[in-house]
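Peer 1: For reference, the chains in residue letters:
There are 2 protein chains.
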Amino acid sequence: MALSLPKGFLYAGTPCGIKNDGKKDLAIVYSEVPAIAAGLFTTNAIKAAPVVVSMNQLKKGKKRIIIANSGIANAATAKDGIKDVNEIINAYAKGFNVKPEEVLVASTGIIGRRLPVEKINAHIITLKNDLSRQGFMDAVKAVMTTDTVPKYGSRRLKINGREVILTGFVKGSGMIQPHFATMLGFFTSDVNITPGALRKAMLAASDASFNRITIDGEMSTNDTVFILANGLAENDIINEHGKNYSLFEQALIDLTRELSEKMVKDGEGANKVIEISVTGTKTEEDGKRVAFKLANSPLIKTAFFGEDPNWGRIVATVGASCPYVSESRLKIWIGKQIVFNCGKGIDNDALLKVRNSMKNRTIQLAVDLGSGNKGFNVMTCDFTYDYVRINSTYTS
Amino acid sequence: MALSLPKGFLYAGTPCGIKNDGKKDLAIVYSEVPAIAAGLFTTNAIKAAPVVVSMNQLKKGKKRIIIANSGIANAATAKDGIKDVNEIINAYAKGFNVKPEEVLVASTGIIGRRLPVEKINAHIITLKNDLSRQGFMDAVKAVMTTDTVPKYGSRRLKINGREVILTGFVKGSGMIQPHFATMLGFFTSDVNITPGALRKAMLAASDASFNRITIDGEMSTNDTVFILANGLAENDIINEHGKNYSLFEQALIDLTRELSEKMVKDGEGANKVIEISVTGTKTEEDGKRVAFKLANSPLIKTAFFGEDPNWGRIVATVGASCPYVSESRLKIWIGKQIVFNCGKGIDNDALLKVRNSMKNRTIQLAVDLGSGNKGFNVMTCDFTYDYVRINSTYTS
Numbered sequence: 001m002a003l004s005l006p007k008g009f010l011y012a013g014t015p016c017g018i019k020n021d022g023k024k025d026l027a028i029v030y031s032e033v034p035a036i037a038a039g040l041f042t043t044n045a046i047k048a049a050p051v052v053v054s055m056n057q058l059k060k061g062k063k064r065i066i067i068a069n070s071g072i073a074n075a076a077t078a079k080d081g082i083k084d085v086n087e088i089i090n091a092y093a094k095g096f097n098v099k100p101e102e103v104l105v106a107s108t109g110i111i112g113r114r115l116p117v118e119k120i121n122a123h124i125i126t127l128k129n130d131l132s133r134q135g136f137m138d139a140v141k142a143v144m145t146t147d148t149v150p151k152y153g154s155r156r157l158k159i160n161g162r163e164v165i166l167t168g169f170v171k172g173s174g175m176i177q178p179h180f181a182t183m184l185g186f187f188t189s190d191v192n193i194t195p196g197a198l199r200k201a202m203l204a205a206s207d208a209s210f211n212r213i214t215i216d217g218e219m220s221t222n223d224t225v226f227i228l229a230n231g232l233a234e235n236d237i238i239n240e241h242g243k244n245y246s247l248f249e250q251a252l253i254d255l256t257r258e259l260s261e262k263m264v265k266d267g268e269g270a271n272k273v274i275e276i277s278v279t280g281t282k283t284e285e286d287g288k289r290v291a292f293k294l295a296n297s298p299l300i301k302t303a304f305f306g307e308d309p310n311w312g313r314i315v316a317t318v319g320a321s322c323p324y325v326s327e328s329r330l331k332i333w334i335g336k337q338i339v340f341n342c343g344k345g346i347d348n349d350a351l352l353k354v355r356n357s358m359k360n361r362t363i364q365l366a367v368d369l370g371s372g373n374k375g376f377n378v379m380t381c382d383f384t385y386d387y388v389r390i391n392s393t394y395t396s
Numbered sequence: 001m002a003l004s005l006p007k008g009f010l011y012a013g014t015p016c017g018i019k020n021d022g023k024k025d026l027a028i029v030y031s032e033v034p035a036i037a038a039g040l041f042t043t044n045a046i047k048a049a050p051v052v053v054s055m056n057q058l059k060k061g062k063k064r065i066i067i068a069n070s071g072i073a074n075a076a077t078a079k080d081g082i083k084d085v086n087e088i089i090n091a092y093a094k095g096f097n098v099k100p101e102e103v104l105v106a107s108t109g110i111i112g113r114r115l116p117v118e119k120i121n122a123h124i125i126t127l128k129n130d131l132s133r134q135g136f137m138d139a140v141k142a143v144m145t146t147d148t149v150p151k152y153g154s155r156r157l158k159i160n161g162r163e164v165i166l167t168g169f170v171k172g173s174g175m176i177q178p179h180f181a182t183m184l185g186f187f188t189s190d191v192n193i194t195p196g197a198l199r200k201a202m203l204a205a206s207d208a209s210f211n212r213i214t215i216d217g218e219m220s221t222n223d224t225v226f227i228l229a230n231g232l233a234e235n236d237i238i239n240e241h242g243k244n245y246s247l248f249e250q251a252l253i254d255l256t257r258e259l260s261e262k263m264v265k266d267g268e269g270a271n272k273v274i275e276i277s278v279t280g281t282k283t284e285e286d287g288k289r290v291a292f293k294l295a296n297s298p299l300i301k302t303a304f305f306g307e308d309p310n311w312g313r314i315v316a317t318v319g320a321s322c323p324y325v326s327e328s329r330l331k332i333w334i335g336k337q338i339v340f341n342c343g344k345g346i347d348n349d350a351l352l353k354v355r356n357s358m359k360n361r362t363i364q365l366a367v368d369l370g371s372g373n374k375g376f377n378v379m380t381c382d383f384t385y386d387y388v389r390i391n392s393t394y395t396s
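Chains as they are written, first to last, in our numbering: chain A, 1 to 396; chain B, 1 to 396.
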């Protein structure tokens, strides 16, 4: 589906010298009019300076620009990191003729290094000149780190006969787990909506998407999702209830799910996508714990890489993560084929069929504990030689 | 140090055809007189048949033999698995002229397959004929799976002028985490000790050793540690208190630590040993959580494989695992060099020195949260291409 961009938003991205290889590393999202904003952040106890600053900025009303960089995370940089962010915000506010409190920031990259403030501030005029709707792809590329493909999408919806456009881009390919570990997401919409409704929809969408994916169980210091809404679609204002709210929320869920799937497909070194469905638990929390334990298990991830229907490892992992599971009630499916049925594994002929189905790029793994009517779904990727290569050579 | 064997114990190991490659896969530990026994088992909710049966056997007094096999775990085999174990126990009890309740069993290998009971029972006479002190190494080899080296050791101690010998062997190289995930351990001693004291010492030793190592955070269905003590050293009986108890407990801790270190060194695909020390937490539980999160982090394990002092990943992982950590109080050392000191990373020259020190086979990682006086130590290994190779091709 072709990309749509909302009214009143411009974008730019440029190399400014944070990355050594000359690739784009600095992005701007710009709203022509003040936009209401919502943000969600990492739950890591150690938060990067841009996270600390943006959390505070969000308390101060409408926003005009987001500055995002890749290459350096500006995390574990203590007060120096905060000072650097504030210098950048002040310089950009002046350069773009907005108020400092109208600026949001996000960073991704190596932890522990200081941002090159001078280099970043030396590109204010370049970015201002480059601001355009066409600049969207440059902005997308400027937040990529180990990502191998740009990840973006949009939705169009009608609200009171008005066309509303919702567009988002994300970066994230490793170190992703619930609560947004190392992902950045930037959503812009011309929808007319209350701040409360915008935040509610963003939370609901994240719970249904970003919080249900994992690459390696790691949690970053920098995860940030922003959504800006400038109202230029001129629909009747959406509040926290009613049909129009539902329409908008559903569109946002739909878009965040699309982008989540793209992140998992582009997981560091990933060869396959594994869609994990856990059912039959007593509580959703139990289902979530089992699903994430399966999704982050190195033994299961390497088995899927090897296209090996090693359901014994799945049984062991379920047993390790749920105290009340019983082998006599447990069922496991890989693809459409049941492989373990209440204490009995399938025979070798059936196993061969499963093995063939595992050649697919996307594989379903379903586990039913037969102990309740709750559950949880998680999407993850396999664990490959390339994951080890990427992460043993990513320079510190 | 040369291996010592306790009085009155004989051992044997043979290939019986469980493994396809003709390697040894069946071991016997035999006590010439009834020995008191203690056992510790996996905490996985799904326990293998030999675990279920042995837990029950331990309630029934003294023991004469342990039958252990590798190649097939006899886990997730439901009632059939239990039936198979009981058939084996009855046949061996008869063959070795002991009571069925005097037999313990342990298995390791692929989950979900039935044991070849006929093959196992066809080797009773072979094993009986082979029983000897020299058979110890055959027994050690017969429980190895992905282990690349045999792991065993012994301690000699004097109690009331009597020489007491304590000997152990373990198997384990992947899927190891607290509470013995996929390890088997067999300890024999001629010490004269009460059952309560034997169990107390085994628990203390495990807490100080096996429960402080991890390979990949996985937990198996089969973990088992047995200790048999036949009293033939004729020392004054050791009860749960006093100097002689302490001597024995310390010897057992010492031996289990030696064997734990050997398991980590032989971790699947392991290239390096990482000794993690966490201090400055409010509770030991917090220290344990941080230490295991560090030890099981794929990003940290791959960085150590790459000899990369990427302390940023360490900061992020500590932040993800302890809600009260503050970067202004956090200190991190790699080897003897501090790399992060209360919000400040070290400069590139110092980092280069650290990088060189990471060429060592064993590397220390110390983290101080500066928030209390508790802590925890864990030993683990790095994450390598070979881990992926071994676990993506280990056939199911």
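Each hint should be verified, as a subset may be incorrect.
Pairs involving identical chains hold if they fit within one copy or between any two copies, as the list cannot separate such chains.
Simulated crosslink set (DMTMM-like; lysine to aspartate or glutamate; CA at most 25 Å straight-line) [unchecked claim]:
| # | residue 1 | residue 2 |
| --- | --- | --- |
| 1 | K83 | E32 |
| 2 | K265 | E101 |
| 3 | K359 | D386 |
| 4 | K344 | E118 |
| 5 | K128 | E285 |
| 6 | K265 | D386 |
| 7 | K79 | D386 |
| 8 | K331 | D80 |
| 9 | K262 | D207 |
| 10 | K7 | E240 |
| 11 | K374 | E163 |
| 12 | K288 | D349 |
| 13 | K158 | D130 |
| 14 | K359 | E258 |
It should be emphasised that the hints constitute simulated quantities derived from the structure, not laboratory data.
Peer 1: Hint by hint, say whether it matches the structure.
Peer 2: Checked hints:
Neither within a single protomer nor between protomers do K83 and E32 lie at most 25 Å apart by alpha-carbon distance, with minima of 27 Å and 75 Å respectively. In the homo-oligomer, the alpha carbons of K265 and E101 never lie at most 25 Å apart, since the shortest distance is 36 Å inside one protomer and 54 Å across protomers. With identical chains, the CA atoms of K359 and D386 are at most 25 Å apart both within one copy (18 Å) and between copies (22 Å). Taking the shortest Cα distances, K344 and E118 sit within 25 Å of each other only across copies (21 Å), while inside one copy they are farther apart (65 Å).
When the C-alpha separation of K128 and E285 is checked against a cutoff of 25 Å, the pair qualifies neither within a copy, at 47 Å, nor between copies, at 52 Å. Taking the shortest alpha-carbon separations for K265 and D386, both the intra-copy value of 14 Å and the inter-copy value of 24 Å come in at or below 25 Å. Taking identical chains as interchangeable, the C-alpha atoms of K79 and D386 are never at most 25 Å apart, the minima being 36 Å within one chain and 41 Å between chains. Proximity of K331 and D80 under a CA criterion of 25 Å is satisfied inter-copy only: 17 Å between copies versus 54 Å inside one chain copy.
For the identical chains of this complex, K262 and D207 are intra-copy neighbours only, at 17 Å inside a copy versus 43 Å across copies, given an alpha-carbon limit of 25 Å. Proximity of K7 and E240 under a CA criterion of 25 Å is satisfied intra-copy only: 23 Å inside one chain copy versus 78 Å between copies. For the identical chains of this complex, K374 and E163 are neighbours neither inside a copy (38 Å) nor across copies (59 Å), given an alpha-carbon limit of 25 Å. Taking CA atoms no more than 25 Å apart as the test, K288 paired with D349 passes in neither setting, with 33 Å inside one copy and 45 Å between copies.
When the C-alpha separation of K158 and D130 is checked against a cutoff of 25 Å, the pair qualifies neither within a copy, at 31 Å, nor between copies, at 83 Å. Only within a single protomer do K359 and E258 lie at most 25 Å apart by alpha-carbon distance; the minimum there is 23 Å, versus 43 Å between protomers.
The structure does not agree with the numbered hints 1, 2, 5, 7, 11, 12, 13 stated previously, though it agrees with the rest.
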